[in-house]
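From just these sequences and the hints, can you work out the full model?
Under UniProt numbering, the sequence shown has 133 at position 133, and the numbering climbs by one with no breaks.
Accuracy of the hints is not assured; some may be wrong.
[As the list claims (entries may be wrong)] Straight-line Cα separation of at most 30 Å, DSBU-like style, residue types lysine-lysine; simulated pairs:
(1) Lys143 with Lys70
(2) Lys104 with Lys143
(3) Lys104 with Lys61
(4) Lys104 with Lys70
In short, the hints are calculated from the structure, not lab data. Owing to the predicted nature of the structure, the values given are computational and were not obtained by experimental measurement.
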Amino acid sequence: MRSGQILWPTDFSETAAHALSYAIEMANLYHVGLKILHVVEQPIGDENFMILSITPEELAKSMEDAAAIKMQALLAGLNTELPVTTLIRRGDPVYQILEEANSKDIGMVVIASHGRTGISHFLHTNVAEAVANGAACPVLVVK
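Written out as structure tokens, the structure reads:
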């Protein structure tokens with residue numbers, strides 16, 4: 001039924017880690033690979049409300065390097081025979097996840113919901129909701 005890979009976007013949070021088990025289960029069910037995506041948001045100096053001793057570009061590179069270390073640790077802990085590919089991108093998480101989700105090699109997205117409610121739901125971008133609304137493929141949102 002599904003021939004494309006399962007995309008699992010992660011921010012390395014505990015909630016995202018919970019969704020990983022669902023992503024692996026879906027990949028095993030459909031006998032497809034798993035693609036892990038982490039997006040590093042581009043830091044902007046004015047939004048940090050402090051004086052940066054490094055440029056936003058240097059800070060973003062440092063964040064990418066830290067994400068690569070976390071990704072390697074995550075891969076080392078995976079116990080699966082599935083083919084796994086990893087991506088680290090820079091930019092807006094919703095845009096980057098949707099760009100990957102709408103590529104030809106993705107059959108399903110498994111993403112964690114951070115479960116915000118009330119005023120917090122309205123003040124923060126709900127990445128899972130935006131991905132579910134914008135993806136051309138099925139999206140499983142895990143609570």
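Which of the numbered hints above does this structure break?
Violated hints: none at all, because every hint is consistent with the structure.
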